[in-house]
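Just so you know, the protein sequences line up as chains A and B, in that order.
Here this note's numbering is used: the first residue of the first sequence is 1, the next is one more, and so on.
Here this note's numbering is used: the first residue of the second sequence is 1, the next is one more, and so on.
Keep in mind that the hints were calculated from the coordinates and are not lab data.
Hints are not guaranteed to be accurate.
[To be verified] Below, in silico cross-link-like pairs of lysine to aspartate or glutamate (EDC-like), each with a Cα-Cα straight-line distance of 20 Å or less: (1) A/Lys377 / B/Asp217; (2) A/Lys377 / B/Glu221; (3) A/Lys203 / A/Glu116; (4) A/Lys72 / A/Glu245; (5) A/Lys203 / A/Glu184; (6) A/Lys32 / B/Asp264; (7) A/Lys196 / A/Glu235; (8) A/Lys72 / B/Asp347; (9) A/Lys203 / A/Glu235; (10) A/Lys196 / A/Glu304; (11) A/Lys196 / A/Glu149; (12) A/Lys196 / A/Asp215; (13) B/Lys5 / A/Asp7; (14) A/Lys234 / A/Glu111; (15) B/Lys5 / B/Glu39.
[Said to hold, decoys possible] Covered stretches of chain B, going by a simulated chain A footprint (3 or more residues, C-beta under 8 Å): (16) 15-28; (17) 180-194; (18) 309-322.
Note that CB positions come from ideal geometry on N, CA and C, so glycine has one too.
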Amino acid sequence: MQAFRFDPVALPESARQLRREVRDFLAEQISKGGITPHRNSWGSYDADFSALCGERGYIGMRWPKRYGGHEKSALERYVVTEEMLAAGAPVGAHWVADRQSGANILAHGSEQAKQEILPEIAAGQCFFAIGMSEPNSGSDLAAATTRAEPTEGGWLINGTKIWTSSAHRAHYLIALARTAAKTEDRHAGLTQFIVKLGGDDVKVRPIYNLYGGHDFNEVVFDNTFVPAHRVIGKEGDGWRMVTGELAFERSGPDRFLSTFQLLRQLIDALGEQPDRRDRAALGRLVAHLATLRTMSTSVAGMLERGESPNLEAALVKDIGTTFEQEIPEIARLLVEARPGLERGDPFNEALARAVLTSPSFTIRGGTREILRGIIAKGLGLR
Amino acid sequence: MSELKDIFLSTCDRLLGELNTTDADDHGWPRAAWQRLVELGLPAALTPQHGDDGLSVADALAVSELCGYHTLALPLPETLVANRLLALAGLPIGDQPLTLAATAGETVRLDREQDHWRLHGELSAVPWGRHADAVVLQVESDQGSRLVRIAGAGLAWRAATNLADDPRDDASVDLRVEDSQCPPFPAGSPSLLEWGALIRALQMSGAMRKTLKLAVDYANERVQFGRPIARFQAIQHQLAVAAGQLAAATAAAEDAARRTDGRDHGFSIAVAKARVGEAAGLVAAIGHQVHGAMGYTREHTLHHGTRRLWSWRDEYGNESFWQTRLGTLAASGGGDGLWATLTALQDSSEEQQ
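Whole structure, please, built from the sequences with the hints as guidance.
The structure is reproduced here in structure tokens:
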């Protein structure tokens with residue numbers, strides 16, 4: 001049984017200072033009317049807000065200054081991201097680029113790609129999508145059939161990706177493609193490519209989600225050319241890199257704060273003196289939230305020390321997403337609810353958003369079943 | 001983690017793992033086992049003097065987690081806390097078993113009578129009451145909160161047990177108490193009820209760790225349909241859920257253990273007891289489901305942990321009690337205040353390192 005640890009971390013004074021700055025910045029944005037917290041989640045897309053975040057130094061915080069970064073610690077970055085989510089800031093445009101694509105390029109990309117792309121991301125001007133899933137390859141990522149074949153000066157990509165969030169408005173997409181035929185080792189022969197979006201050689205078709213929103217897409221590569229310097233890492237190393245990033249993707253506050261705006265509205269709806277049953281229900285959520293913060297900051301501390309806490313990250317995402325799915329189920333029973341996306345009152349709008357988006361929490365970024373498989377492996381069961 | 005802490009905890013782990021608490025004297029007290037704890041100096045491990053040796057409060061409290069893991073049927077965590085509070089209040093400490101009488105509702109009163117006090121009321125479900133050298137209480141009086149130490153031997157205990165057959169005894173008290181026996185409760189300390197909740201949270205973390213280990217080992221050994229049941233996803237996913245609960249519980253309990261000297265200990269202890277208590281029932285249920293009928297027998301050791309989990313979650317305030325405290329706090333700050341409150345309480349600079 002692999003031991004999992006959540007060693008304590010203390011936030012450095014610099015992180016606390018940063019928290020106050022971010023909080024002031026967000027309060028100002030909200031008072032200007034630029035943000036409507038109860039309608040937002042970390043998927044809310046606002047390119048202007050992202051540019052503002054770039055100006056303030058809130059994107060690419062851990063990257064070297066020579067690539068436009070700010071050389072801050074994982075804990076400082078953590079504080080900024082959680083403040084953004086807690087305030088209901090529309091961080092969706094730069095979220096993926098900041099959380100993982102940029103970090104991926106920084107770790108494994110070519111020097112040219114780093115110089116071309118990272119400063120743009122850090123400025124809040126360049127957004128990314130992730131092309132992993134395919135029509136016949138979802139949780140079973142290694143079954144990808146999108147092919148990349150060498151050509152003069154680079155690669156030609158053919159195939160179809162699906163459930164690709166923001167591909168219709170991002171500047172680049174990182175695609176996982178097969179560069180060698182399948183062998184016994186099904187994880188071999190996969191490579192990551194940075195694909196420029198917006199040209200005729202990449203077709204992006206909308207897939208509307210259950211409440212009519214347009215977030216994800218089908219993306220078809222038709223002899224899409226990718227120059228050699230936009231290969232990420234060594235050919236055939238794609239699987240190792242994809243799984244290596246998971247701790248960044250799965251342990252952050254975005255894995256338990258997706259319905260935090262509803263929790264805020266719930267407290268207001270209950271008033272200052274709820275009865276004992278309601279206070280206990282509310283207090284239970286507070287206990288879960290506080291514990292998740294403790295665990296998530298602990299993982300940030302491990303990332304800062306250069307560790308790869310993939311098991312801990314899977315645990316945070318599994319219980320974190322369960323928590324964020326529970327909030328609407330509890331809220332609707334404590335307050336007489338009439339959920340509607342344009343109901344006009346913040347509680348019912350936030351409730352509607354939470355109910356309608358919550359199925360995605362335990363699917364995106366690794367399904368609950370995949371996570372539990374990883375945890376079971378850590379326990380020595382498989 | 002300090003080297004000293006490692007040595008201390010590995011020594012405790014070894015001792016608690018081999019301790020035999022079934023050999024008892026005529027009064028049912030496992031005297032020899034307790035003596036082994038005394039030889040290691042454990043009853044006084046949490047006193048402030050001991051901290052001078054380089055062990056933090058959290059390090060010493062971590063013994064409670066080990067007591068839970070080894071399902072120790074002795075009041076060591078209670079004695080650790082009692083001696084700490086006695087020392088802080090200027091009362092003598094000792095190496096004999098002590099206990100903490102604290103319940104979620106107030107049942108004992110301390111009234112001033114001329115030049116002394118009268119302590120009267122009902123002590124209810126006191127851990128190892130009949131075996132305790134002394135009972136430590138926190139009682140509110142018209143002169144503030146007092147720490148009271150009363151001798152255990154003088155009380156007419158009515159023997160009772162919890163779900164794990166550990167003594168939880170009742171006694172009526174009506175005693176004359178001198179000023180010197182009831183100094184002011186140490187300022188800045190968690191309340192007695194909070195201390196009780198904290199040690200139970202740590203003990204539950206340990207008992208859950210043991211329950212999960214037993215279930216994982218059993219799943220890997222037990223063969224059905226031609227393979228170990230660990231190979232079935234239905235089993236794997238249940239144990240993954242238990243692991244998530246254990247991880248959350250441990251994180252919450254350890255966080256609270258680090259903050260006992262901080263200003264905001266009340267919040268983190270409430271979080272810990274509420275979160276750990278919730279996890280306890282789930283982990284116990286999964287542990288039993290994976291063990292099948294075998295785990296439902298008296299002979300199997302699984303119930304040493306699960307029956308204590310079911311008991312400890314109710315002791316020193318159940319989940320609902322502590323959740324209500326947290327809910328009251330959250331409601332008082334309004335929706336907009338929740339995040340600021342949470343970050344201020346959790347990021348407090350006063351936590352011990």
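*Assess, step by step, whether the Cα of lysine 203 of chain A is no farther than 20 Å from the Cα of glutamate 116 of chain A, and give holds or violated.*
24 Å, violated
*With a Cβ-Cβ cutoff of 8 Å, does the stretch 309-322 of chain B contain at least three residues near chain A?*
holds (count 3)
*Is lysine 72 of chain A within 20 Å of glutamate 245 of chain A, Cα to Cα?*
Holds, because 19 Å separates the two Cα atoms, which is no more than 20 Å.
*Assess, step by step, whether the Cα of lysine 196 of chain A is no farther than 20 Å from the Cα of glutamate 304 of chain A, and give holds or violated.*
Judged against 20 Å, a Cα distance of about 31 Å means the pair is violated.
_Holds or violated: lysine 203 of chain A and glutamate 235 of chain A, Cα atoms, limit 20 Å._
25 Å, violated
*Going straight from one Cα to the other, do lysine 72 of chain A and aspartate 347 of chain B come out at no more than 20 Å?*
19 Å, holds
*Below or equal to 20 Å on CA atoms is what counts here, so check lysine 196 of chain A against glutamate 235 of chain A.*
Holds. Lysine 196 of chain A to glutamate 235 of chain A sits at ~19 Å (cutoff 20 Å).
*How does the coverage statement for the stretch 15-28 of chain B fare against chain A, requiring three or more residues with Cβ below 8 Å from a Cβ of that chain?*
violated (count 0)
*Hey, lysine 196 of chain A versus aspartate 215 of chain A, does the alpha-carbon distance stay inside 20 Å?*
19 Å, holds
*Given pair status - glutamate 39 of chain B, lysine 5 of chain B, alpha carbons within 20 Å*: 18 Å, holds
*Decide if the proposed pair is consistent with the structure: lysine 196 of chain A and glutamate 149 of chain A, CA atoms, cutoff 20 Å inclusive.*
Holds. Lysine 196 of chain A to glutamate 149 of chain A sits at ~17 Å (cutoff 20 Å).
*Mind checking the alpha carbons of lysine 234 of chain A and glutamate 111 of chain A for me, to see if they're no more than 20 Å apart?*
13 Å, holds
The structure fails to meet hints 3, 5, 6, 9, 10, 16 and 17 from the earlier list, while all remaining hints are met.
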